[in-house]
Amino acid sequence: MAAGGTGGKTYSFKVVLLGEGCVGKTSLVLRYCENKFNDKHITTLQASFLTKKLNITGKRVNLAIWDTAGQERFHALGPIYYRDSNGAVLVYDITDEDSFQKVKNWVKELRKMLGNDICLCIVGNKIDLDKDRHVSVEDAESYAESVGAKHYHTSAKLNKGIEELFLDLCKRMMETAQAEERLKGNGASQSASSRRGVQIVDDEPQATPAGGCCSSG
Amino acid sequence: MSQRTERRGGIHVDQSDLLCKKGCGYYGNAAWQGLCSKCWREEYQRVRQKQIQDDWALAEKLQREEEAAYASSHGPQTQPPSQSTPPHPQPGHASLGPFSKFEEKKTNEKTRKVTTVKKFFSPSSRSAPKKETQEGKTPSPSVSRRASFDTDQVSKDFVDFLKNLQKPGREIHKQCRAFIGNMSSKKDLSADELSECVQDFYQNLADRLMGHFKCSSESVEQVMDQVEKYIMTRLYKSVFCPETTDDEKKDLATQNRIRALHWVTIEMLCVSFDEEIPEVSENVVKAITDVIEMDSKRVPRDKLSCITRCSKHIFSAIRITKKEPASADDFLPALIYIVLKANPPRLQSNIQYITRFCNPSRLMTGEDGYYFTNLCCAAAFIEKLDAQSLNLSPEEFERYMSGQASPRCSGSEEDWSSPAPAPTNPVLAQLNQNLEVLSGLSGRQEALMEAAHSLQADLLSWPESVQHEVHDILKKYPLEVLPRSAPAIDDNNDVDNDNLPPPLTPQVV
Ligand SMILES: Nc1nc2c(ncn2[C@@H]2O[C@H](COP(=O)(O)OP(=O)(O)OP(=O)(O)O)[C@@H](O)[C@H]2O)c(=O)[nH]1
Ligand SMILES: [Mg+2]
Ligand SMILES: [Zn+2]
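Just so you know, the protein sequences line up as chains A and B, in that order. According to this note's numbering, the first sequence is numbered sequentially starting from 1. According to this note's numbering, the second sequence is numbered sequentially starting from 1001.
No lab work stands behind these hints: they were computed from the structure. Certain hints may be false.
[Unchecked claim] List of simulated lysine-lysine pairs, DSBU-like, C-alpha gap at most 30 angstroms:
no.: 1; chain 1: A; residue 1: Lys157; chain 2: B; residue 2: Lys1322
no.: 2; chain 1: B; residue 1: Lys1187; chain 2: B; residue 2: Lys1237
no.: 3; chain 1: A; residue 1: Lys108; chain 2: B; residue 2: Lys1384
no.: 4; chain 1: B; residue 1: Lys1286; chain 2: B; residue 2: Lys1384
no.: 5; chain 1: B; residue 1: Lys1322; chain 2: A; residue 2: Lys160
no.: 6; chain 1: A; residue 1: Lys53; chain 2: B; residue 2: Lys1322
no.: 7; chain 1: A; residue 1: Lys157; chain 2: B; residue 2: Lys1237
no.: 8; chain 1: B; residue 1: Lys1312; chain 2: A; residue 2: Lys52
no.: 9; chain 1: A; residue 1: Lys150; chain 2: A; residue 2: Lys9
no.: 10; chain 1: B; residue 1: Lys1038; chain 2: B; residue 2: Lys1050
no.: 11; chain 1: B; residue 1: Lys1384; chain 2: B; residue 2: Lys1297
no.: 12; chain 1: B; residue 1: Lys1323; chain 2: A; residue 2: Lys36
no.: 13; chain 1: A; residue 1: Lys53; chain 2: B; residue 2: Lys1312
All chains should be modelled from the sequences, with the hints used to inform the complete structure.
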């Protein structure tokens, strides 16, 4: 067992993607995780569960992005998907007023079910189609602010705003996690209550040989 | 029936043969070794109780041996691990192969075990090797011995794994042993409480490894996988589908529900499978096999792996069909379709078991967790599924559910209403066959009833005709000389009646 790690942290976050069909959820994650758009030759087997490793101010973050089935008949299954998630990316299509209405419904439901533990991002996608815009920037941004969410503009097609969106989300999730950590704080924690929350684990710095104590499995 | 009473002129079944062997007055049942349900349950409980005690005794013994093995392997002269592990306490494990598949519903388990017993009682097996016959006398332990054989292997692997960890390895071993010992005294906790215990243990152990021993997160993950495997292999029997829950009832409900939904097609679910492509249908078959296999695994993580393998086959099938990576909108309907096709055994119990006892980090953020969540969604969808979820009218849905109509995969809707030739659907064919058998049976029953009625009428009229005859004779030969012989004739009449069958009362056969 290699000892004496400096206690670097790895955060693991679960983020759910919500939004009406065809607003570009799948395009967004594929662009983010694989930098691909509408590519028929994509070798990716699936785009429903994707992960991304980030390094934010020296802290390692494992981001797991969960695509959700958007069809109306699966709506009731939402709670099963977003259970235990740290963040939600709510996508609408700026050319489609209805899809924005859907986002509002999701926000209501998420706040009701998960309270303020979850970081919400409202994302207006397809800004390359600004000439057909049907959701005004002011409306969207003021709505986001009123529900404690952040608003982003993206285009999966042009790869605009996507890095920023996920980076920002990760920072906010880290803040939430750290606040939670401080709260349960100094050893007096009830492990049972923290168990299903964020996973925070002490970590070795990269330099030490990996898997020191458990190399044979 | 274990005993038959043969008499001259064919088989005669005595009333006493049908009664419970314990003499409680209720009817016994061959499937319960001739006991009534109540006595059988008592008997079974007794055997089971003993089996559980035996198991724990064995577990404790193994643990002591493991301890010793562990200590010796850390002595100055390290022994090879294979020699330091305990030998199998029971000879003859090899002959137990056929019993290893005994991981069925509890109710099935009971009946199946009895079937084995029955087999040993039947004349043909009298010549069977003695060992086997002894095995048959106490049916349930044979299952547990196979299980403990697997458990031995897992324990051995666990010790081998921990040896590489040195000091923390010893600590982990100590903790796990203490925990399992602890759990044996908590048998009557509710499922949620059992889950809490196990989850707290995972959490505390992981915390300790990270805090005290400064393990890296990767190492902790690896250790926790092994810990889960070791602990859950041992606890599986007492915490999978425990009697304190209605898991078993839900399993049956789901199974019946899926059976009732056999008519749901790919088109209704909007699944992107083109099963005409051989590679696609191959993947579909593999996916079905994988999700069925889940039930045979004991460790939560192994069950999860089955779900993940199933999901990967689904992705392949979608990818081949659509030529683009599957999104959640492709995946979920496809998974629902696979679950409907597979009707996986004990689906609800397995979902509950994984939720309660799996290492939480795997379920929350890992890839396995994503597929597992989708399986939960599929199960929930199937439970709630209605006309709307399949884009059907309520009338259509009702017709399909009641079996009055069956959709054609081809989509030519007129087809089913015309007097179809031999139905292509095997379920329909079976149904037709059953209907034929039923109508044949009802015809035979009617004939039987008719015959019974005429027999009854005959019997009723017979004493009358005899009486008539007697009267006629009396009239012909008046009995003036011996007036006391009149009652004597009545007596004779009674004697005659003794040879008659008892009067039949009309009853539905
Ligand atoms: N112009 C433009 N088109 C986009 C953009 N993002 C996605 N699309 C297109 O929108 C369509 C739907 O995109 P998807 O990513 O499949 O949408 P989705 O939200 O995953 O849809 P569902 O999986 O059905 O819920 C595709 O034809 C994309 O090419 C964008 O930023 N700009
Ligand atoms: Mg999509
Ligand atoms: Zn009885």
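Hints, one by one, checked against the model:
{"no.": "1", "hint": "A/Lys157 to B/Lys1322", "in the structure": "21 angstroms, holds"}
{"no.": "2", "hint": "B/Lys1187 to B/Lys1237", "in the structure": "11 angstroms, holds"}
{"no.": "3", "hint": "A/Lys108 to B/Lys1384", "in the structure": "23 angstroms, holds"}
{"no.": "4", "hint": "B/Lys1286 to B/Lys1384", "in the structure": "27 angstroms, holds"}
{"no.": "5", "hint": "B/Lys1322 to A/Lys160", "in the structure": "27 angstroms, holds"}
{"no.": "6", "hint": "A/Lys53 to B/Lys1322", "in the structure": "29 angstroms, holds"}
{"no.": "7", "hint": "A/Lys157 to B/Lys1237", "in the structure": "53 angstroms, violated"}
{"no.": "8", "hint": "B/Lys1312 to A/Lys52", "in the structure": "19 angstroms, holds"}
{"no.": "9", "hint": "A/Lys150 to A/Lys9", "in the structure": "26 angstroms, holds"}
{"no.": "10", "hint": "B/Lys1038 to B/Lys1050", "in the structure": "19 angstroms, holds"}
{"no.": "11", "hint": "B/Lys1384 to B/Lys1297", "in the structure": "28 angstroms, holds"}
{"no.": "12", "hint": "B/Lys1323 to A/Lys36", "in the structure": "15 angstroms, holds"}
{"no.": "13", "hint": "A/Lys53 to B/Lys1312", "in the structure": "22 angstroms, holds"}
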